Amino acid sequence: MKRLLGVALGILTAIGGFLDIGDLVTNAVVGSRFGLSLAWVVAVGVVGICVFASMSGRVAAVSGRATFEIIRERLGPRAAAANLGASFLINLLTLTAEVGGIALALQLASSVEPRLWIPVAAFAVWLVIWRVRFKIMENVTGLLGLCLIAFAVAVFLLGPDWSELAAQVMGQGLPEESTTVYWYYAIALFGAAMTPYEVFFFSSGAVEEGWTVKDLSQSRINVLVGFPLGGLLSVAIAACAAIVLLPQAIQVETLSQVVLPVAIGGGKLLLAFVIVGIVAATFGAALETALSSGYTIAQFFGWSWGKFRKPRAAARFHLTMIICLVVAVGVLMTGVDPVLVTEYSVVFSAVALPLTYLPILIVANDPQYMGEHVNSRVMNAVGSLYLGIILIAALAAIPLMVITGAGA
Amino acid sequence: MNALEPDEPAAGKVLDARLHLLDRQVLDPDDVPVATLADLDLEVAEDGTVTIGAMLFGGVFLARLAGGRPPRSLMHKVPWRDVVEVDQTIHLSVGADGLDATWVERWVRDHVIGRIPGAGHAPE
Amino acid sequence: MLLSDLLDLSVRDHDGTHVGYVIDARFVLDGAPGPTLAGARLHGLLVSPRTHTSMLGYERTGVRAPAPIGAFLGWLHRGTFLVRWPDVARVDDQHLVLRDGYVRVDPGLPSG
Chain A
6 MKRLLGVALG
16 ILTAIGGFLD
26 IGDLVTNAVV
36 GSRFGLSLAW
46 VVAVGVVGIC
56 VFASMSGRVA
66 AVSGRATFEI
76 IRERLGPRAA
86 AANLGASFLI
96 NLLTLTAEVG
106 GIALALQLAS
116 SVEPRLWIPV
126 AAFAVWLVIW
136 RVRFKIMENV
146 TGLLGLCLIA
156 FAVAVFLLGP
166 DWSELAAQVM
176 GQGLPEESTT
186 VYWYYAIALF
196 GAAMTPYEVF
206 FFSSGAVEEG
216 WTVKDLSQSR
226 INVLVGFPLG
236 GLLSVAIAAC
246 AAIVLLPQAI
256 QVETLSQVVL
266 PVAIGGGKLL
276 LAFVIVGIVA
286 ATFGAALETA
296 LSSGYTIAQF
306 FGWSWGKFRK
316 PRAAARFHLT
326 MIICLVVAVG
336 VLMTGVDPVL
346 VTEYSVVFSA
356 VALPLTYLPI
366 LIVANDPQYM
376 GEHVNSRVMN
386 AVGSLYLGII
396 LIAALAAIPL
406 MVITGAGA
Chain B
7 MNALEPDEPA
17 AGKVLDARLH
27 LLDRQVLDPD
37 DVPVATLADL
47 DLEVAEDGTV
57 TIGAMLFGGV
67 FLARLAGGRP
77 PRSLMHKVPW
87 RDVVEVDQTI
97 HLSVGADGLD
107 ATWVERWVRD
117 HVIGRIPGAG
127 HAPE
Chain C
14 MLLSDLLDLS
24 VRDHDGTHVG
34 YVIDARFVLD
44 GAPGPTLAGA
54 RLHGLLVSPR
64 THTSMLGYER
74 TGVRAPAPIG
84 AFLGWLHRGT
94 FLVRWPDVAR
104 VDDQHLVLRD
114 GYVRVDPGLP
124 SG
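First to last, the sequence lines map onto chains A, B and C. Going by my numbering, 162 is the number at position 157 of the first sequence; the sequence numbering is gapless. Going by my numbering, 43 is the number at position 37 of the second sequence; the sequence numbering is gapless. Going by my numbering, 97 is the number at position 84 of the third sequence; the sequence numbering is gapless.
Please note that a few of the clues may not be correct.
So these bits of chain B aren't anywhere near chain C, every CB distance computed over 10 Å [claimed, not checked]: (1) P12; (2) D13; (3) P15; (4) A17; (5) K19; (6) D36; (7) D37; (8) V38; (9) G54; (10) P123.
Listed below are several chain C residues computed to face chain A (Cβ distance under 10 Å; list not exhaustive) [claimed, not checked]: (11) P79; (12) A80; (13) P81; (14) G83; (15) G87; (16) L89.
So, partial list: chain A residues that the calculated Cβ filter (under 10 Å) puts toward chain B [said to hold, decoys possible]: (17) G81; (18) S116; (19) R120; (20) R136; (21) G307; (22) P316.
Calculated from the structure, these hints are not laboratory results. It should be emphasised that the depicted structure is a prediction, and the values quoted were computed from it without experimental measurement. Beta carbons: idealized from backbone N, C-alpha and C, even for Gly.
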C-alpha cells in the first residue's frame, strides 16, 4: 500500500494527461473508427512523456526548480510568454472540459441534469485546492482513478477475437478512412499523451512534496508506473470501443457510449466501478489543470506558489485558480459541449509543446543546475529524437485540423 | 577555429547577465519567491566603470516584451547590495514583505484571499 | 542606464562596419565589497556576428549536450566574441560603437 501511495503523483499526473474527459471520448472515437490501428501512437507518446517527465522530475528534485521557472529562465520573456499564453489556454480549456466532465459523469450516476452539477463540481475542486493537503489529494484521486482499470477488465470479459485485435494493431481489417483523418487523430493522441500540463504538474508536485536528490529513484518509479498505466488504459478504452462499437458502426458522441462496452461486458457492478473511475479521473484532471494554471502563471512571474503554503502566503496563486474556475463555470453555463472544448487545445499544443520540452532538455544537461545528475547519452538521444517528432507534429497539427475539420 | 585571445583570469565570480541573472527567480531569506528578475539598473562611475546598481521588477517586464522603456513609476527596485548569493536563483537578505515589488501580492492577500475562511492555515 | 538598453544593440567598429549584436553582458564580482557579495562590475559584452537571439549559453560553456541542439546553436553563434567594456567607445540609441584597435576576446566562461 505504501508503495502504491508513493507513486500517486505519477498516477494522478498520467490520469490527467491520458484519461481526462476529452481523452476518454477521443479514445473511444478512435477505437470505434480505427480499431486499434492507432495504438502505436499511444506507445510512442508514453515513451515521450516518460522521457520528459523524468527529466522535469529530476530537475525539480535536484535543483528545486519547477518546469515553468526553467522555461522563463532559458527562453527569456518573449518566447516564454508565448508558451505561457498557449499553455494557459490549454489549461483553461481542459479545466473547463473537466468541470463539465465531472458533471457529465455525475449525471451518469445520478440522472441529475449536468448544469446543476457544474457549480457543485467547480466548488468541490476549489475546496480541495484550498483545504486539502497535496499528498492526500493525489492519493485519493489517484487511487479512485485506478477504478478505470475496469475498462481493461471489460476487454477480457467481452471475450474478443484476439487475432482480429492483433490484426487491427497492424492496421488490417478496418473500414476505409481517409489518411488525413487518420493522421489528425494520430497527432491528437500524441498531443494528448505529451500535453504540457503533465510536466508542469509533475515537476511542481515534486516541489510540493519536497523531493530532493534522495527521491530520484522515487521520481523514476512514479514516471515508469504512472504513464505506461495511463497509456494502457487509454488503449483499453479504444479496445472496448473497437470490440463493441466498431462492428456496428456506432459513432461515439457521448460519455454513455464510451461506457456502453463496459456495461455489456461486465454488467452493473463493473459499470459502477467505471463511473467512479471517470468521476475520479475527471476530478483529478480538473485539479491537475487548475493547479497547473496557477503554477505556470506564478512561476512565470516569480510569485509565491504552492499548496504547501497557507493560501494567504500565496495569494495571487490562489486568486489565479479561483478566476480560472469562475471562467470555466461561466463558459459551461452557456451550454457548450465540454468534450468539444478540448479539441481546440490541439492548436495551442503546437506552440506549447516545443517551447516546453526544449528548455527541459537543455536544463537537464546544465551542470549548474544538475551537478552530476545531468542527462545520460541515451536520455539525450531519445530526448532529441522526440523533440524532432514534437516539432513535426506541431507543424502538421494545424493544417491537419483545418483540412479534416477537426477529424469530422 | 577561433584564435581569440583568452580573457585574463577574473578576480571574482563571473556572471553573464542573460545566462545567470535575467529571468531568474528571486527569493527572500525564507525562500519565499519575490519576483522574476526583469532588468538591471546600471550605474556609470566617473572613470567609466559600470556596476549593477539595482535589480528591477514589475512593469519592466511588459516593456521588455514590447521592446520599449517603462515609466519609472512602474519599476520596482531592489539594490544589488541586498543580494546574498546567486546560484540557480537569486537570494536576498531582505524579506519579501518589505519590498515594493510585492505590493500586489500583499493587496490580494489583504483584500481578497485573506478574507476567505481558512486562508490562514496550510491545507490539511 | 538599463541593461536592456545594451542588449540586442547592433555593434559597429570605429569606421562604421557592422560587426554583430550584443547578446549578453558579462559582470565580474570584483567591485567594492558589499555586506555579502562584492559589487558587480560590467566586464564586457558578448557579441555574436549573426544573430541577436541569445541562445541559452551554449556558445560559452563546455556543455555540448544534447548533440543536435548544441551543434545547431554553436553553429548559429559561431564567431561569438567578448569585447571588454573599456573597448566600447560610445553607446547611442541604435548602435554600440567600438574603439579603434578593440580586442576580440574568447567568450568562454571560466569553468566551475
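Task: Unmet hints by their number, sorted upward, for this structure - done: 1, 2, 3, 4, 5, 9, 15, 16, 18, 19
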